[in-house]
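> Take a look at the letters that make up each chain.
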Amino acid sequence: MSYITDRKRANRWGSAKSGTQHFWRMKVQSVALLVLIPLFLIAVAPAIGKDYAGVTDHLSRPFPAIIAVLTLTVSFLHFADGFQTLIEDYVHGLWEKVLIIGMTCLCWGASVVAIFAIARLAL
Amino acid sequence: MADVNRGSRPLSPHLQVYRPQLTSITSILTRITGNALIVAMLMIVWWLIAAATGPDAFAVADGFVTSWFGILILALSLWALWYHFLAGVRHLIWDSGVGLDLDTAYKLGYGVVGGSFVLWLLTLIILFAV
Numbered sequence: 000m001s002y003i004t005d006r007k008r009a010n011r012w013g014s015a016k017s018g019t020q021h022f023w024r025m026k027v028q029s030v031a032l033l034v035l036i037p038l039f040l041i042a043v044a045p046a047i048g049k050d051y052a053g054v055t056d057h058l059s060r061p062f063p064a065i066i067a068v069l070t071l072t073v074s075f076l077h078f079a080d081g082f083q084t085l086i087e088d089y090v091h092g093l094w095e096k097v098l099i100i101g102m103t104c105l106c107w108g109a110s111v112v113a114i115f116a117i118a119r120l121a122l
Numbered sequence: 000m001a002d003v004n005r006g007s008r009p010l011s012p013h014l015q016v017y018r019p020q021l022t023s024i025t026s027i028l029t030r031i032t033g034n035a036l037i038v039a040m041l042m043i044v045w046w047l048i049a050a051a052t053g054p055d056a057f058a059v060a061d062g063f064v065t066s067w068f069g070i071l072i073l074a075l076s077l078w079a080l081w082y083h084f085l086a087g088v089r090h091l092i093w094d095s096g097v098g099l100d101l102d103t104a105y106k107l108g109y110g111v112v113g114g115s116f117v118l119w120l121l122t123l124i125i126l127f128a129v
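So the sequence lines, in the order shown, correspond to chains A and B. The opening residue of the first sequence carries number 0 in numbering that gives the first Met the number 0; numbering runs sequentially from there. The opening residue of the second sequence carries number 0 in numbering that gives the first Met the number 0; numbering runs sequentially from there.
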């Protein structure tokens with residue numbers, strides 16, 4: 000028998016263990032991507048398949064480089080949050096934490112690799 | 000009260016007990032396409048860092064990206080991208096509290112599936128032919 004009240008025990012312990020921050024963050028990312036994805040397909044995607052000189056030349060221009068950085072970083076953040084929801088739905092216990100931490104690290108790592116690569120090509 | 004039956008509560012009926020419907024299939028596809036896009040994203044990051052490294056590294060990455068397998072991944076990912084894009088728009092509409100009745104949900108579902116194929120073919124032709 001616990002002397003704590005039911006309300007006090009439930010307080011701050013909803014099923015998500017947090018409020019609506021995760022939902023709202025994904026919503027902001029998704030609206031940003033509605034603009035960025037078409038711009039990426041117009042400004043960056045045509046470089047895929049070009050030869051080495053063509054690719055380095057393409058990404059040395061400011062607009063494709065900036066759109067590539069923005070699209071890839073926002074996409075990876077959106078992916079990390081979306082993947083977290085997938086895992087929270089289907090995997091529980093230790094593996095839930097392992098997979099969420101692993102994918103979050105992979106997404107941040109891949110973003111930084113992309114930013115470094117584009118900065119090196121652009122500058 | 001809050002600690003009664005913790006850990007062995009009944010779960011809600013899961014996917015397999017329902018007959019597939021347009022609304023459920025379009026919802027599941029949103030999740031599958033979104034998560035599958037990681038493959039193309041990592042491939043593009045590899046291609047970028049290879050280009051930043053030098054001609055030799057680029058030749059390896061470009062060889063994979065422009066192989067039939069790489070092109071297959073990119074082409075399928077382009078459909079997944081448009082599907083997830085339009086399904087995301089549908090969620091933003093729903094989040095505003097509009098279109099949650101069954102009739103509108105079905106219309107939006109057909110719009111997402113149809114629109115994804117239209118935009119896919121359009122961008123496939125533009126990106127691969129030009």
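Treat the hints with care, as some may be off.
Quick partial rundown of chain B residues pointing at chain A, CB under 7 Å, derived from the structure [said to hold, decoys possible]:
| id | residue |
| --- | --- |
| 1 | Ala35 |
| 2 | Val38 |
| 3 | Val44 |
| 4 | Leu47 |
| 5 | Ile48 |
| 6 | Phe57 |
| 7 | Thr65 |
| 8 | Ser66 |
| 9 | Phe84 |
| 10 | Gly87 |
By construction, these hints were calculated from the structure, which means they are not laboratory data. We put the beta carbon where it would ideally sit given N, CA and C, even for glycine.
> Could you tell me which of the hints above the structure violates, numbers in ascending order?
Checked against the structure, the hints that fail are numbers 1, 2 and 8, while the rest are satisfied.
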